[in-house]
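Q: Following the hints, put chain D in place on chain W, whose structure we already have.
The chain contents come next:
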Amino acid sequence: MERLTFRHATKAPLVGRKPLAITGVVASGNLEVLLERTLPPDACTVEIETPVHGYGDVWEAVVADFVARAQPGGLRITINDGGARPDTVSLRLLQGARLMEG
Amino acid sequence: MSERITDPRAASWYEASARARLDGLLDSGSFAEILGPEQRKMSPHLPLFDLPRAFDDGLVIGSGRLDGRPVLVAAQEGRFMGGAFGEVHGAKLVGLLRAALGLKPAAVLILFDTGGVRLQEANAGETAIAEVMRAITEARAAGIPVIGLIGGRAGAYGGGGLIAGTCSRLAVSEGGRISVSGPEVIETNKGAEEFDSRDRALVWRTMGGKHRRLIGGADTFVDDTVAAFREAALALIGRAPAFDLATLEAEQARLERRLADFGECRDATEIWSRLGVNDPAAVPGLTAADFDALVAGLRETGHDAR
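Which chain is which? The protein sequence lines are W and D, in order. Read in order, the letters of the first sequence correspond to residues 1 to 102 in my numbering. Read in order, the letters of the second sequence correspond to residues 103 to 408 in my numbering.
Zero decoy hints are in this set.
Reference excerpt, derived from the structure (chain D facing chain W, CB under 7 angstroms, subset only):
#	residue
1	Ser104
2	Asp152
3	Pro154
Read the hints as simulated data drawn from the structure, not as lab findings. On a predicted model such as this, the values are computed, not experimentally measured, just so you know. All C-beta atoms in this analysis are idealised placements derived from N, C-alpha and C, irrespective of residue type, glycine included.
This is chain W alone, in the form it adopts within the complex (with noise of 0.2 angstroms):
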């Protein structure tokens, strides 16, 4: 198991109020996502456990853009991954966000 975290600075805190969200599934391709909002707003942590080796660099590129585009200030992510693609994973984040802003 691979253990990755990144950690933001971000500029705002993610909009609305919802203190904990969670989507996806632990399955093949596929990942769960936990966002809980327990950071101070100008901070975003991501805390990934992949049983795929060596594609750090790819996580942090797409992580940064994630974070680029949600701006999701106080929250800390923790995701289960499944081996999922990148596309998947940037989707799954994106859902998450927006759970938390609903």
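A: Using the frame of chain W, we list chain D on its own:
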């Protein structure tokens, strides 16, 4: 908190996630999760095998309301390791059933979607199956109906099939299957001549919802919609049998009669024919309404046993 069901009459139970099923099954906004994903009660065993874990270990438990009445619920996520029972998964269900003794809900609803025991933590999983069955009998003895809802992609297999057999009542859909040994297990041990797991029609007519309903193994056959399962759960709570010696003796007598009547049959269609179904070959294609009309005229299907 997660995926929502917007139209329960159109939403497929089979396709929905465990969390979405609960959302559509219970009164809107009434679900309160116990040991939610943020508590991170995950499997202590899967990391030893370098396998990914799930925050809820594949089982969502909690309380909610069904048509205003308090219920406890447990929903298995069939897409995570086939909904299999691991140590945490099993312990959550056991704890929920034991909590029912004190909370006295109108019912405990188990949304089965499982291939059975998770082999990476088999000892803990097998123990959990036994503990769940004991906890169900204790809940039923205390007068709390335990209703099984079966319509997920993993069906109710292995220990899940055994647990289903201890419930007060079961509702099953076409896609739901109930058995102990699954098709691949039988083929592996006995050969494709005995049971061809790739023959989908064979699998469904041997283990599928219609067959289980016809031989009295399930109490209601439902369409594959979230709304249909909700209506079935409501109806079955009101029809839960007593859990006493008379019920158990009736069940024993019924199973002995089933073996005597159908023991020589080589295919489910032969059983249906002996039950009085005029056109067994047409059964798999019947709609739920037509199937219900057929069932109403047959013996075996109405009883208070199990």
